[in-house]
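Please model the entire structure based on the sequences and the hints provided.
Sequences listed follow chains A, B, C and D, in order.
Just so you know, we're using my numbering here: the first sequence kicks off at 202 and counts up by one.
Just so you know, we're using my numbering here: the second sequence kicks off at 202 and counts up by one.
Just so you know, we're using my numbering here: the third sequence kicks off at 202 and counts up by one.
Just so you know, we're using my numbering here: the fourth sequence kicks off at 202 and counts up by one.
Worth double-checking, as some hints may not be accurate.
Any copy will do: because identical chains look the same in the list, a pair fits if it lies in one copy or spans two.
[Stated by the list, open to error] Below, computed lysine-lysine pairings styled on PhoX-like, alpha-carbon distance capped at 25 Å: (1) Lys338 x Lys302; (2) Lys220 x Lys271; (3) Lys458 x Lys483; (4) Lys458 x Lys478.
Rather than coming from a laboratory, the hints here were simulated on the basis of the structure.
Please read all numbers here as calculations on a predicted model, not as lab measurements.
4 protein chains.
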Amino acid sequence: MENQTSVSAILIVSCPDRKGLIASVTRFIYQHHGNIISLEQDVDPREHHFFMRLEWELAGFQIPPEQFEKRFETELAQAFAMTWSFHLSNERPRMAIFVSKHSHCLYDILSRYQAGEWRVEIPLIISNHPDLAPVAKNVGIDFHVVPITKSNKAEQEKRELALLKKYDIEFVVLARYMQVLSDNFIRHYPQRIINIHHSFLPAFPGAKPYHSAYERGVKIIGVTSHYATADLDGGPIIEQDVVPVSHTDRVEDYVRKGRDLEKVVLSRAIWRHLNRKILVFKNRTLLFS
Amino acid sequence: MENQTSVSAILIVSCPDRKGLIASVTRFIYQHHGNIISLEQDVDPREHHFFMRLEWELAGFQIPPEQFEKRFETELAQAFAMTWSFHLSNERPRMAIFVSKHSHCLYDILSRYQAGEWRVEIPLIISNHPDLAPVAKNVGIDFHVVPITKSNKAEQEKRELALLKKYDIEFVVLARYMQVLSDNFIRHYPQRIINIHHSFLPAFPGAKPYHSAYERGVKIIGVTSHYATADLDGGPIIEQDVVPVSHTDRVEDYVRKGRDLEKVVLSRAIWRHLNRKILVFKNRTLLFS
Amino acid sequence: MENQTSVSAILIVSCPDRKGLIASVTRFIYQHHGNIISLEQDVDPREHHFFMRLEWELAGFQIPPEQFEKRFETELAQAFAMTWSFHLSNERPRMAIFVSKHSHCLYDILSRYQAGEWRVEIPLIISNHPDLAPVAKNVGIDFHVVPITKSNKAEQEKRELALLKKYDIEFVVLARYMQVLSDNFIRHYPQRIINIHHSFLPAFPGAKPYHSAYERGVKIIGVTSHYATADLDGGPIIEQDVVPVSHTDRVEDYVRKGRDLEKVVLSRAIWRHLNRKILVFKNRTLLFS
Amino acid sequence: MENQTSVSAILIVSCPDRKGLIASVTRFIYQHHGNIISLEQDVDPREHHFFMRLEWELAGFQIPPEQFEKRFETELAQAFAMTWSFHLSNERPRMAIFVSKHSHCLYDILSRYQAGEWRVEIPLIISNHPDLAPVAKNVGIDFHVVPITKSNKAEQEKRELALLKKYDIEFVVLARYMQVLSDNFIRHYPQRIINIHHSFLPAFPGAKPYHSAYERGVKIIGVTSHYATADLDGGPIIEQDVVPVSHTDRVEDYVRKGRDLEKVVLSRAIWRHLNRKILVFKNRTLLFS
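Structure representation (structure tokens):
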């Protein structure tokens, strides 16, 4: 189901705002015969900061991808103090999944993987419980059980980090993983750990959000996918979605309705991450279309 | 636009759950020749508490409305320890509006009032500012300015309570009224003061919720109508609704989008209150359809 | 994940409206010591038709389930000309899935099945293509390929009906099955064939609805689950849901966004069917909560 | 409530796609010292057509607004065969409202007008009925009654066109106006007549859509704002929104729920039109953020 059309180059830029930014970058692409397919930009009026995502056809572009980074940095980026990244649309990032016992997000990710919905490699699943090993085995993905207790956490996270390194993992998805990662762990994967929290953050952070929502008597429940940061459930939000509940719904109905949201909203965040459509600035995300 | 069809009687009941409750009440109605139009019931499985709303045609019903309360209490309610209320569908409750300077909720309520959307009387508007007096005047509703300062609050609330009494007000709508009512004031109108808060509670209670939502980087904003209680922004929620925001939206876009939600969600809560479709139990609402 | 609480009895009734209906039925349950957990009723004011779903605890109820049907029919149903059905909450209906090549709905159903989300048996999958056989094999469900051509359709549908009979199937789910079933086939499973159509019906019936939606320039797309009838895409609607699209979305984005809706909305319809929460009357459904 | 910040210039462009388009336009702005605040562009990949909306600060821009059109046309637009328009953010377009008897959309527009939500002038309301004259009078807007019958339609439309000309009207809003405008009339205001239709188009075009939705048994109803074209209810869609309905809702509940959608969705379309955030191409709209 992957789009087999021609490869494109993707550039994501942020820097202090200044006149001539768009003109300079688009001229650079044009001069080297790049045909821009899409350009999205925004300026934060309070921070006077500039953001842009640019995509152009690689075919006909005169700078080879392997030389682009050096040339863009020296010819343009330095002068504007740009923070930037460059990607090709045909990359297949390597992703690891962390799970515990809830299977719905894992099933959802794996069924998309098997159906070829995404351009991704998933070589590794890590869990603190052995329960879902058969699911991984069915799909032929390595499954490592790394049980976590209070006393062994630091040591076990080292094991996990070693596994991520060994499998050459670019980013991590917490598919209802029921352990809190340490700050040290998160620091290894800044803006590269995607979590799903089963509440409409910032409402109901922490444990048992559906129970809390029921107690409070809200009329709509939600879920939130976000990048993990040292601030638990406080990282930059990627996607949120909601579903109405009624007074006839019990906590188990919240769980049932929420489960469907969780898997869809987590997968939407993964899709966006894979497609290089997220830019993080000061704990907020810009989502490109 | 009012429904001119025949009058119906409405009974709202809650009590400890017990076998035979529905059978007893429906038999009572049937024996006196009442034709039930709608019945909704629910049981809270943790609290073992029973809730029911019953509506039947008054035409042909053999107990005159003015005798119903006494007979239902002695013949049925006492035996089941029921909390209950009885209404007729053709009542026109008297409602007061409290406003400050924001006009959108007031305009929305008044345009429905003028168009005859609701069965209600609105004889009184109270404000802590004179700004919206012309709007009230246009519609021919008395407008009283009661300015509130830290030092005069207790005294001014007495004036407001006196006005509510004088105008024989049954319930109060806070249409973006920017003052916090005292516990004493609220105690006079339990479950009869409807507020609109411009956030998706319990997220962002208190002041400047749109600014907080922007700072946090949420992807969806919401509003909440609820009954006012001594717990600020903590009362039983009646209606909530949400609207997506994008990274290109600034705080003023949040305000613009939220404004439309606020007026619609407040008016939905008023409609539900007027139609006797709300039952409050332990800080949660049951909303009948 | 099945709710292991006590078994309940479910009664679904419709009949011409009449005074005393609720009183009579609830009295019948009460007299035999049934404790009603939930009652929902409605009256169609134009058709003067009455609808009710009643659920009570089986424990303590003095009529054994195997005698209920006979006694209810003779003692109550006949007098009111009721159409009715009786179920137990611990039944496990047998369901067959029809698929073609699209796998997302199939994966979604099977992952719920494996996770034990539903009380159901799925012994049979039928497809007009062999492609998804491995998916079925993984889960250990029999997979029969029944290719359909214009010339062999009648004959092949006979084979399918024979399979449904052999596997003792109660209801059928068309999980993006790309063949139109004949009227004859549908007649064997009235209100027991659930289809998912990838448009917000009645808009865009028939083939390629996402393409049509794109051409028309709608701002929201939707999907519809419904019971199949002889009227293609015209049967009683069970569930619908929608998702916004923007002008930057291409048809392939519609397909991607719609895919997530399709699987969730189809599964919601199956859940509702399994939980005996649907009543069909004159091509419309009542959905009990 | 109008944004009193500095004035900006807005340029909306469409043309056949070509390399260097963005670079050329942004360079033109930059060379004349314009600081771009926002740029949105899109390419229709099937039509190979390019679209862009550009906004820059007028302060410091070296081409005076009154010379911009000529210079842009000769120096840039002709070479790329652009269709384009130029606006200033502080313009106050003149808008006329057409109404019949339903007042909710009219009230909504007028309350926004009075509250200063929009940058607009509304000097004229035209109706085929006298009923809403008092509403217009209250706000001090001229109200002309132009009754339409089959026999006088052509003549009366001439009167309406003369009024629009006399009041120097830029665009027209049909606020639940219950007459079909002739093709001739519409031709005078291409993409400048905004209509609200009370269905989720293309479902239920024409008369009595809520009744049709009820009959069909849909689970969600919607409304659609669009530019009027010769194809009734077939013009380019601007905004749509939806609300769930349940089987307990009657047609009058559809009307009540739909009324709130209608006014909000019509007003959103007006806001977008006023803010020059709509581009029409081949019966589809691009909505800029």
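Structure versus earlier hints - violations, ascending order: Every hint satisfied by this model.
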